[in-house]
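S.K.: Quick note, the sequences are listed as chains A and B, same order. The numbering of the first sequence is our numbering, which starts it at 491 and goes up by one. The numbering of the second sequence is our numbering, which starts it at 3 and goes up by one.
Honestly, the hints are just simulated from the structure, not real lab data. Any given hint could turn out to be false.
[To be verified] Derived DSBU-like pairs (lysine-lysine); straight-line CA-CA distance at most 30 Å:
| # | chain 1 | residue 1 | chain 2 | residue 2 |
| --- | --- | --- | --- | --- |
| 1 | A | K893 | A | K1003 |
| 2 | A | K1233 | B | K86 |
| 3 | B | K246 | B | K169 |
| 4 | A | K1003 | A | K1179 |
| 5 | B | K86 | A | K1306 |
| 6 | B | K169 | A | K1233 |
[Stated by the list, open to error] Derived coverage of chain A by chain B (criterion: at least 3 residues anywhere in the stretch with Cβ under 8 Å from a Cβ of chain B; other residues may be distant):
| # | stretch |
| --- | --- |
| 7 | 1138-1146 |
| 8 | 1154-1166 |
Just so it is clear, the structure is predicted and the values come from calculations on it, not from any experiment. Note that beta-carbon positions come from the ideal geometry of N, C-alpha and C, so glycine has one too.
Given next are the chains, with one letter for each unit.
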Amino acid sequence: MFKIAWRGVRHNTGRYIATLIAIITGVAFFAATGFLGDRVIDSLEGDTQRQYGEVDLAIVLEDSDSTAIQFEGELRLPAAVGQQAAAVDGVEASAFVLTGSMAIDHDNEDPDTAVGRLWITDDALNPLELEAGRGPAEAGEVAIDTGTADDNGVELGDTINVLSFNGSDPVTVVGITRFGDSDSIDPDGTISIPQQVAFAWLSDGTEEYQEVYLRATASQSDLQADVSPLLPSGFRAQLGEEFLQDKIDEIGQFGTILKRALQGFAILALLVGAFVIYNTFSVIVAQRVKELAVLRAIGATPKQVRRALRLEGLVVGLLGSAIGVVAGIGFVFILDFVMTIALNVNLPGSGVLIKSGPITSGIALGTIITVLSVMIPARRAATTEPIEALRDAAVESSPYTKKRLYFTATLGVLGILAVLTASSATLIGVGFFAIFVATIAAGPIFAVIGAWASRPIMSRLGLEGRLASDNTARNPQRTATTANALLIGVFLVTLVTVAGTSMKDFVVDEIQKIESADYLISSNGGTLDVDLINSLTSVAGVETVESYRRESVALDGKPSLVSTANVSTLLDITDIEEADGTLYDLVPGTIAVQDDQGHELGDTITLADPRGDTVELEVVAVLEFGIDIEQVGNLVHADDFDALVGDTAPTVAFIDVAPGVKTETQEALEDHVVDRPDLTLTDGNFLGKLIGSIFDFLINAVNGLLGMSVLVAVIGIINTLTLSIFERRRELGLLRVVGMVDKRVQRMVRLESVLISILGTGVGIALGLFTGWALIYAVQRLTEADIGFNLAPGRVLLVLGVGIILGILASLIPSKRSTRLDVLEAIQAV
Amino acid sequence: MSSTPTMTAAAARAVNARKSYGGGDAAVHALAGVTVEFPEARFTAIMGPSGSGKSTLMQCVAGLDRLSSGSAFIGDTELGGLDKTALTLLRRDRLGFVFQQYNLLATLTARENILLPLTLARAAHDDAWLDEVVSTVGLGDRLGNLPSQLSGGQQQRVAVARALVPKPDIIFADEPTGALDSRTGMEILGFMRRAVDETGQTIVMVTHDPHAASYSDNVLFLADGQIIDEMAEPTSERVLDRMKQFEG
């Protein structure tokens, strides 16, 4: 039986090519995402292992407040405490972690920012490897990562200038570092500096570390017991193995999510491929009716015929999947390239990591989908009557029945009703599914309507246009299946674009409504001196510069921020507002806290600084959630701030500018920041921009990945057209005999292709627009949020345009083939 | 060719036409040097056993196939000098075709099929003439039907009407009655005969049926790629007798 199936496949190679390509493409994409996902997970885990594998005890921050934004100025451990911990009995080696903004100023180009990092002298604890040279050991020496070295044309032994809090310093490059598979541990590059200059360069002279890792001969838990009592409030000593596991879980989650998301798109592409497979087998069965009927006539049972077809499906599925997995290896590079170029995402690791998981699941998935797609055509083949051996082959059937019309109309209307009126999310979901199923099932009806509607326009293009229009309705089921493959991709692209854009506009608008400060300028570890503030104030367009002092502290044992500022200016130029109490009550001994900490007026709060000083304060105001409050944290009176932190200089400033001159002002402000790597200028409404760009990225990424299923759908169009022109070769021959020149015949095939793609694209866009609108409407109804529907007409038109171009591209091969046969051969074909 | 009046111009002709397939010793000569004229306003039948080259001769003169050597003319146009597109346009504007397998377009109605060559040429048609042809071939109430709704005989009537309506210089018919029952076949031949007699249509027909040949003015007999005989004013019996001779 297998032999007959294999022969069947070999005999019909030409017809199976498109099916094979569809399976290969889908499986290759699937396998590639698997390989890539494994590579990313592996590389990240390797990096984590390299970075933290030898740590026996880690001194880290307590879980900090659930603030959405990470601050540069987080709570730090006094250097003395770190040294004390490193001196505990049983500690073999220690690593002090301290990083800060630096820049390389080389060859008079613009300074190239990088992360300055205290060099860890213990080889086991140091995540970096030396590619050349040695680690920096004394002032005036640095090591830089290999990527930064290449970018700046720096070689071992060169003298370069580095910018830091200390200003510009000439240093000698004594080492070139790398981090596992990557050039650098920090995305922007790493400058490793020795302990001698670390505090001056990275924290403006303050002697402190961010984290401390210990390697020990003593047991981890003994060490924990010894070290914990030394730590100030806000810090804890975590066992090495727990610490490593936390880090691995963190990055494992990222890798797994990435892998699952990518594979989701791959599975979608395979499902679209199922349409192509189904179509091919249906056509093959129709074209082989005579052969099948002869088989039946000589005594094959319907069951045997069915099994033979399924076996052919199995053979094609296995073959395509196996080739697909191999092709997947090459696909990893394409995928990697596309992610890097188009989406600007640099995935960790390099090359391909081949694990058995993606291989077996790829082959299994491809084969199963193929065999399932063959089920219906195989059943149809089994119903072939022996008498059909004597009839004309390829009888064209029209499944455009009233039953189908009633079924799809009922299902569609019920779905629409559910979506528009239901009050439960589940029912609405079921409604969407019903609409989708109805649309797919109504394909043949759309094909007939489409042919009818397009005929008047197409007729204007000449007889070939009219015939192209007719041909799409000749076998509506086949046209529908072909168009549906494209429909799915276009539907999802439209839905994601329209719903995504609408949601983005809504969220960004909501954020814009908040009257936050125009700009924020902050120093990472340094201060804003009076000269700087004066020169910022003198920038044309700037109305107010309100600098304030901010410090990281432990608030009731948790890392948090505390600030002191001029209350009335703050209320004037920022969106900070009291939810309860008033900021004007802020006197020594009191505090205004953020709303999310669960405190009420009158509560007593303990603030602790890393040196162990504490102060108790009474809550006199609770501040509402907003953008600017995240930059301030909790507000205290200047006296309390002085007592706790000392009489320090301000580190942050809000800048208020005159309306209408933001662009010019921003450029002037940015000029002030260029020479100070520690300074950052952020748009006050950066949250809106950030969220907007996240939405844009997601929309683009999802659409890019959906492109894969669109590609498979295009293969489907090529396939259908090729099979159709084979079936109609006599008719094409006649047209050429009676005077249709080859160019017009080819144009006819091209027009048919474009019609099919417009059908798929058009219905897909319509469904996507409706679903997008209904989705927004449902969200509005359920949440009472006032979300405007954004039709995104530019994008939608673009999708339609791409659909038409794809139709033309898909027709290139079939239209050439349509006139390849000699006229005589064509007209005499049986 | 003594029976052909010399003043009658040739609608089509072949001069020393040769057509071979393959090469060297294995070469098959479908036409081994045929020189022939198809006079205007006459009905010529080409007969011969299978493999005699009768279809090849017609196809080469009709611009469907190319000669290996020699030349074929439609009127004064030498076909060898025309490219593929020019040949197609020549077929469209000057020739008509009727095949054994009716070869209609499945998505076009009978009327649209009949007007197909004119539609392709974007040429206007003469309504009166269309009506006349349609009523002659007896398709009056069937014009709106698709081929799948017509019988074999009706489909062939559509094919004949399609060949007649543009008033081509010459109609080539390849076994036009091969797939029909004898009564329908006779009717189809009758229409062709009438077209020649009443409107001066030129027709060249390939057939192996002596009865079909008897409708023609002149029968050419081919064997082994050469014209071996011809017969004016044929009757079924005479043609049959002549055919029996080659087999003997």
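S.K.: Each hint: holds or not?
M.R.: The hints, checked one at a time:
1. K893/A to K1003/A: 53 Å, violated
2. K1233/A to K86/B: This hinted pair holds, its Cα atoms lying about 11 Å apart.
3. K246/B to K169/B: Distance ~36 Å between K246/B and K169/B Cα, so the pair is violated.
4. K1003/A to K1179/A: Measuring from Cα to Cα gives roughly 13 Å; hence the hint holds.
5. K86/B to K1306/A: 15 Å, holds
6. K169/B to K1233/A: 25 Å, holds
7. 1138-1146: Per the Cβ count (0), the hint is violated.
8. 1154-1166: Contact hint for the stretch 1154-1166 of chain A vs chain B: violated, 0 residues under 8 Å.
The structure is inconsistent with the numbered hints 1, 3, 7, 8, although it conforms to all the rest.
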